[in-house]
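Let the sequences and hints guide you as you build the complete structure.
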Amino acid sequence: MKSKQLNIIEMFKKQPVWFILLSSTILFSVLSGDFLTIRNLSNIVLQSSILGIMAVGMTGLMISGYFDISVGSILALTAAVAVSITGYSIPLAIAATLLCGIILGVINGILVTKAKVNAFIVTLAAMVGVRGLVYVYTGEREIIGLATEFEYLAAGKVAFIPIPIIIWVITIVVAEWALRKTVYGRNAYAIGGDAEATKNAGVPIDKYILGFFMLNGFLVAIAGLVLASRLNAATPTLGIGQEMLVIISVVLGGTKLTGGYGNMIKTVAGVLTIGMIQNGLNILNVHHFYSMLIMGAIFIFVIFMDAKLSKVK
Amino acid sequence: MHAVSSNLFSFGKRQGLVLAFILLLAIISFFAPRFLTYRNIMLVLTQVAIMGVMACGLTLMLIGGNFDLSIGSQLSLSTVIVVSLHDKIGPLPAIAIALVVGCGIGAINGYLVGFQKLTSLIVTLGMLPVVQALTLIYSGGTYSQIANPEAPFSFIGRGFLWGIPMPFIIFAVTAIVFGVILQKTIFGRRLYAVGGNRVGSWFAGVRDDWVIFFTFVITGLTAAMGGIMMGSRLMSAQNYLGKDYELTVLSAVILGGTSLYGGSGGIFKTVIGVLILGFLANGFIHLGLPYYTQMLAQWVIIIAAVWLDVKGKKGES
Chain P
1 MKSKQLNIIE MFKKQPVWFI LLSSTILFSV LSGDFLTIRN LSNIVLQSSI
51 LGIMAVGMTG LMISGYFDIS VGSILALTAA VAVSITGYSI PLAIAATLLC
101 GIILGVINGI LVTKAKVNAF IVTLAAMVGV RGLVYVYTGE REIIGLATEF
151 EYLAAGKVAF IPIPIIIWVI TIVVAEWALR KTVYGRNAYA IGGDAEATKN
201 AGVPIDKYIL GFFMLNGFLV AIAGLVLASR LNAATPTLGI GQEMLVIISV
251 VLGGTKLTGG YGNMIKTVAG VLTIGMIQNG LNILNVHHFY SMLIMGAIFI
301 FVIFMDAKLS KVK
Chain Z
314 MHAVSSNLFS FGKRQGLVLA FILLLAIISF FAPRFLTYRN IMLVLTQVAI
364 MGVMACGLTL MLIGGNFDLS IGSQLSLSTV IVVSLHDKIG PLPAIAIALV
414 VGCGIGAING YLVGFQKLTS LIVTLGMLPV VQALTLIYSG GTYSQIANPE
464 APFSFIGRGF LWGIPMPFII FAVTAIVFGV ILQKTIFGRR LYAVGGNRVG
514 SWFAGVRDDW VIFFTFVITG LTAAMGGIMM GSRLMSAQNY LGKDYELTVL
564 SAVILGGTSL YGGSGGIFKT VIGVLILGFL ANGFIHLGLP YYTQMLAQWV
614 IIIAAVWLDV KGKKGES
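Protein chains in written order, with our numbering: chain P, 1 to 313; chain Z, 314 to 630.
Relax, there's no trap hidden among the hints.
Stretch-level coverage of chain P by chain Z, calculated; a stretch enters the list once three of its residues show a Cβ under 8 Å from a Cβ in chain Z:
#1 106-116
#2 119-127
#3 130-142
#4 293-305
Don't read these hints as lab results, they were simulated from the structure. Glycine included, C-beta positions come from ideal geometry on N, C-alpha and C.
Here it is in structure tokens:
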């Protein structure tokens, strides 16, 4: 009896996210008949795809022991860049958006690796600074897209599967493959586990960290493209608070904030859990104020459990 | 020997900051003639007071090696509380309740960081929406105001004493009290020790968990004071008043030279940092620049200040 209980605890410790996902699914299906329908579930996946793409980059960063809280602002800037240029040329808009994300990622990365400034402060400052750039770029107005073909990126389907989901899946598969099978991925875990030892083993860790920040910026730019295409418009306040949702999803997926541990598949479960809770709260007509409170409380609870469980080990 | 050299180092740095401050004033006043007038200076002193009081609390927090991202939300909450309760239960009980709520939120943060040893940045990143949501739930998302804008309560935020704005006097008193706490009390000494090396101070017999707990309570208290001053100045409260305040306060503190890595810093430097940011923001407006250029300036200031801090640390060791 006791060993069985222990087993459940062990399982929960290893994969808490699946339990949370399952229990929130059950909870919301009991509370609302509209929740567990094919239409709503596919809607949740589609809605989660933007968050999911951002979470892929964040997972890579967090495995190597860093994180980026400027992603909400970068999302806003890349979306604004995308929408503003689609009127001239869509390929140019996509290229410029991706470049913009990469540049911002590189700026963060250089400040972290070369100037040795704490990543939290770098990205916190960038959160404000990039938001300022968004205001400068948009002139404090919303930008409306002129090319309706651009909407295809978010609204289109290939073999009945919406394109954002396909993009999300591709990023997950590539990232998971890179983390498991390539030297870059293995070194990410090594850097997150013990940066000093990895450095002494001859790995150019600064280059890696810069690379992870760059990739993170690139992925946020992809998310920005999808978001811009979905709205075919961009407002200066887009993406505020998004950084917290991304970090919650990744931590919920079991990636350790201290680095060295985590994987993409569980991040996906974390993203879906967050998407599901948000969708469920919406269906249940929970006021926005309360869902904000609930999300924040879940966040603190997850951090708390994360610390507790890693202490037990 | 080491103490002397580090003293000289910080002395030089402090003078550098004061010099930069004077230079800044000179440059802006050259382009904007109305910048250095009595009225404008008093205006800036009023404007910086709220940020300054909170910066005093955050200085303690940073010296202890932690950070509180939720102070902006706490400011919103206490402003809403004090304004909405003013007409119902009178100014003094309203102020008392706002202060207690501020300490209470600080205590929750302090418990999680001090006793549960969670990362302060992450805990308070989660606390930010929680406190903001509490504000919205409490106010129902509406705008609240005090019926009589001339009520005595407004003296805190709008009054003048001997020609000096009352908010600035509160800021000055807070700065002096906090300076004394840091320099002259056991708590201050222990705070530097915990910030410098938490584990080491624990081995030396310092209750690091309680010290950190109290830095959060104090920061919550200063955020509530800021909220009361804000409420008194506006005599009304809007739910998102404190949004992004944590960044402004943080830039003031680290611009002053308090280290992000804990264990060093001081109130006097913070006061200079607060004044620089206040005059800079005001100067930007005098120069006709749009408000969001301040966000860009903040980006540069924060990074540059921390970078200098890191470089300074390297030179020392």
